[in-house]
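K.L.:
Letter by letter, the chains look like this.
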Amino acid sequence: MADTLSLFERRFALLLSILLAAMGMTMVAAARHGVMAVHGFITIALGVGLVLALGRVYYSAPPVAERAGRFYDAPTRLGIAMTLIWAIIGMGAGVWVSALLYWPDATPAVPWTSFGRLRPVHTTGIIFGFGGNALIATSFHVLQRTSRARLAGSVSPWFVLIGYNLFCVWAVTGYLMGSTQSKEYAEAEWYADLWLVVVWVTYFVLYMRTLARREEPHIYVANWYYLAFILVVAMLHIVNNLALPLRLNAAESLPVWSGVQDAMVQWWYGHNAVAFFLTAGFLGMLYYFLPVRSGRPIWSYRLSIVSFWGITFFYIWVGSHHLHYTALPYWVQTLGMTFSVMLLVPSWASAGNAIATLNGAWNKVRDDATLRFMFVAAVFYGLSTFEGSFLAIRPVNSLSHYTDWTVGHVHSGTLGWVAMIVFGAIYTLVPQLSGRETMASSRAVEWHFWLAVAGTLIYVVAMWNAGITQGLMWRAYNENGALSYSFVQSVEKMAPYYLLRTIGGALFLAGAVICVLNCRATVLLAKGEAADRPLVRQPAE
Amino acid sequence: MSDTTDPRKLPSADPHTGNRRVDPITGYDTTGHDWGGITELNTAFPKIVIWALALTFLYSLVAWILLPAWPLGRDYTRGILGLDQGEQAIEGLRELTDDRLPWLSRFSDGDLRALQSDAVLIRQAMPAAERLFEDNCSACHGATGRGGPGFPVLADGYWLWGDDPGGIAETIRFGINSDHADARIAEMPSFDWMARADRLALADYVARLPGAGPVHSSLPGAALFTENCAACHGDGGRGDLEAGAPSLTDDAVIYGQDRSTVMETLSRGRRGVMPAWIDRLSAAEINLLAIYVYRLGQPVGEGAQ
Numbered sequence: 000m001a002d003t004l005s006l007f008e009r010r011f012a013l014l015l016s017i018l019l020a021a022m023g024m025t026m027v028a029a030a031r032h033g034v035m036a037v038h039g040f041i042t043i044a045l046g047v048g049l050v051l052a053l054g055r056v057y058y059s060a061p062p063v064a065e066r067a068g069r070f071y072d073a074p075t076r077l078g079i080a081m082t083l084i085w086a087i088i089g090m091g092a093g094v095w096v097s098a099l100l101y102w103p104d105a106t107p108a109v110p111w112t113s114f115g116r117l118r119p120v121h122t123t124g125i126i127f128g129f130g131g132n133a134l135i136a137t138s139f140h141v142l143q144r145t146s147r148a149r150l151a152g153s154v155s156p157w158f159v160l161i162g163y164n165l166f167c168v169w170a171v172t173g174y175l176m177g178s179t180q181s182k183e184y185a186e187a188e189w190y191a192d193l194w195l196v197v198v199w200v201t202y203f204v205l206y207m208r209t210l211a212r213r214e215e216p217h218i219y220v221a222n223w224y225y226l227a228f229i230l231v232v233a234m235l236h237i238v239n240n241l242a243l244p245l246r247l248n249a250a251e252s253l254p255v256w257s258g259v260q261d262a263m264v265q266w267w268y269g270h271n272a273v274a275f276f277l278t279a280g281f282l283g284m285l286y287y288f289l290p291v292r293s294g295r296p297i298w299s300y301r302l303s304i305v306s307f308w309g310i311t312f313f314y315i316w317v318g319s320h321h322l323h324y325t326a327l328p329y330w331v332q333t334l335g336m337t338f339s340v341m342l343l344v345p346s347w348a349s350a351g352n353a354i355a356t357l358n359g360a361w362n363k364v365r366d367d368a369t370l371r372f373m374f375v376a377a378v379f380y381g382l383s384t385f386e387g388s389f390l391a392i393r394p395v396n397s398l399s400h401y402t403d404w405t406v407g408h409v410h411s412g413t414l415g416w417v418a419m420i421v422f423g424a425i426y427t428l429v430p431q432l433s434g435r436e437t438m439a440s441s442r443a444v445e446w447h448f449w450l451a452v453a454g455t456l457i458y459v460v461a462m463w464n465a466g467i468t469q470g471l472m473w474r475a476y477n478e479n480g481a482l483s484y485s486f487v488q489s490v491e492k493m494a495p496y497y498l499l500r501t502i503g504g505a506l507f508l509a510g511a512v513i514c515v516l517n518c519r520a521t522v523l524l525a526k527g528e529a530a531d532r533p534l535v536r537q538p539a540e
Numbered sequence: 000m001s002d003t004t005d006p007r008k009l010p011s012a013d014p015h016t017g018n019r020r021v022d023p024i025t026g027y028d029t030t031g032h033d034w035g036g037i038t039e040l041n042t043a044f045p046k047i048v049i050w051a052l053a054l055t056f057l058y059s060l061v062a063w064i065l066l067p068a069w070p071l072g073r074d075y076t077r078g079i080l081g082l083d084q085g086e087q088a089i090e091g092l093r094e095l096t097d098d099r100l101p102w103l104s105r106f107s108d109g110d111l112r113a114l115q116s117d118a119v120l121i122r123q124a125m126p127a128a129e130r131l132f133e134d135n136c137s138a139c140h141g142a143t144g145r146g147g148p149g150f151p152v153l154a155d156g157y158w159l160w161g162d163d164p165g166g167i168a169e170t171i172r173f174g175i176n177s178d179h180a181d182a183r184i185a186e187m188p189s190f191d192w193m194a195r196a197d198r199l200a201l202a203d204y205v206a207r208l209p210g211a212g213p214v215h216s217s218l219p220g221a222a223l224f225t226e227n228c229a230a231c232h233g234d235g236g237r238g239d240l241e242a243g244a245p246s247l248t249d250d251a252v253i254y255g256q257d258r259s260t261v262m263e264t265l266s267r268g269r270r271g272v273m274p275a276w277i278d279r280l281s282a283a284e285i286n287l288l289a290i291y292v293y294r295l296g297q298p299v300g301e302g303a304q
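The listed protein sequences correspond, in order, to chains A and B. Number 98 in numbering that gives the first Met the number 0 belongs to position 99 of the first sequence; there are no gaps in the numbering. Number 79 in numbering that gives the first Met the number 0 belongs to position 80 of the second sequence; there are no gaps in the numbering.
Hints are not guaranteed to be accurate.
Said to hold, decoys possible - The following label-pair restraints were derived from C-beta to C-beta distances:
1. A/L456 x B/A113: 53 to 63 Å
2. A/S483 x B/T225: 32 to 42 Å
3. B/R195 x A/S483: 51 to 61 Å
4. B/L92 x A/M22: 52 to 62 Å
5. A/M22 x B/T143: 54 to 64 Å
6. A/N477 x B/D234: 44 to 54 Å
7. B/D250 x A/P107: 27 to 37 Å
Since the hints were derived computationally from the structure, they do not count as laboratory data. Positions of the beta carbon are idealized from the N, C-alpha and C atoms, including for glycine.
Generate the whole structure from the sequences, applying the supplied hints.
P.N.:
This is the structure in structure tokens:
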């Protein structure tokens, strides 16, 4: 890492690392004990580790002078490694907690292993750890390639990646110690939230400065999506996490929102986390890696434009569909429902644009498992967005809400769409960044693909059945006006579906493990750097 | 950054005509943009997308006209259907209540023993009672009332506090050791002040009480029992139904009657809690549950199911 930096940048990075360790010491000294102190120790360890890593190469040869004429891929490599590490942590936690739902007695009598603490480890590990690292890593790659410009900074990409992962580690270790602000997908406490704001603003500035350097007259679609992701997530994160710390030296705070306003802000955040974290950024990934891998032009530029503005405009309105039939006023629910239905068209336009792009490359879809990952991702994107609009309709929601159908819907999006496109991107990027044509094992990619598809289908179909069964059982009354089933009967009915879900999740995890091993083998067989064409446009021959 | 938008100067454009490369597979021309090898087709906007957009807009427009939709400062557009979700919820609840009213209202007062012998009513009511039991009681007492350590078995003939539906209803209403003012109060005090040898002797004696065969009054625990325990548990440990003191001579147990469990009980005492349900269930529902629980304890054939 540090060997890519000039001497001045090494000094600057060293200063930042020392400041990081000092921040950790301040946290430990102020908190003395508890979650914040443990987080302080983690920060000190990271800061000292970075100082040592920088010190080791401090006097090594400075980077070649023409580095400005090359793409800056080292941060992307770290980002991909972190993506894979978090994939195993997040998916492993997911399989484990799903198994606990089938074998609840297997919970050890140790507080940190309880379902309630491990479940946010799964969601944060996957959304922020796996998804977030994949987004940052690929955004650096895509931004440089489509702008024909090197990243506008040498230290800031590292700051973004390392700082972001520090946030993830703080969040996840905090949950294990029982620290949470009890907001879905935003459980991390106030100082972690503030830290993420600093990281995120740096990310945004880096992105904008690099974009301003671009050698292309137009900004490619993928960058619109990545920018929407960065900008809107900043807005969502700040508004939803507004909280007053109880004390400045402890991980405890009270949200400034209360009552139904709090619920509305939370689900405005929650659904747009799905929209701008789990959709917009990954659409950026799709819009870049799909045409690159298939070697086909994007089918319709016009459709890209309408999809992009449709998605960004409509999504912001739809969060209230999480609160149908609650204390939230009816009119807010109607708006959430109608905008969810209108959202379907731009979503399907994106999926259709992706699939139509494969016209003329179907033979590659058949032969190339990597491209097949992307194709399946586009199909599941279409399926999940249809399902989402459908579930947002109030009467439908009265059946599906609070059931495992919601869990199935989320996972058809996260397993079928988000994870598939990430793996497609990883299988494209890892060989390229290693200067190779292919992954170490193409057969392993093929195995991963079928494990992932089988796991997703088993998971999603099991949860559809589970959710519809629950919804129907909960609303059934006999002719005397008495409930036909007690709640616990509906729980007992879930047993086979929960077992199937665990099996589906385990298959998906097995595929991810194969991916990690394959990526490691590929990196070990590396033949040098990415052989992309140079930044500067070549004169026509 | 090259700032031209002149089509003739764009990459892949013909420098004289500005025409761009045509994709051989689809036959469409490209937009002329090129990002590291990625190009885009200049495909016309598909008509079906316009129709789909129009359709979903129309759906939304109709919904906005019919339903409460847009905020207007302190008010909002009410929608011509005039729907109010609060009223709808109350209406839905009333309809369900009306379905139950004909039979459930008969449980709200009256002689529980008489209700219990009305076979038609019982057949109508017992499925509902079973749901009530499973949704409210089974978390502690088990789905079939088989109880568990610390939670009394209801599906047997042994009772505490009362062995008729009226007594059971009283227990459900106010609970045992609950925070309700009328709760039944019972506490097994701790005997930690007693010498360990004495506690062991007492535990040994109590553990031998159930089952057949006389317990020798010459056992060392016998005198200790009379002195310390008989006040609540009665002479010979027969128990006191009205005071909530369990019989120690039968084979029904709450925590266990082996020596080590009795030692634990003696050393630490017991103060089991049953919550009061009067604020969560209606009077009729409590009476219904009382009859259901009473029937759980009856021998099969004569009793429940």
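K.L.:
Looking back at the numbered hints, which does the structure fail to meet, lowest number first?
P.N.:
Hint 2 alone not satisfied by this model.
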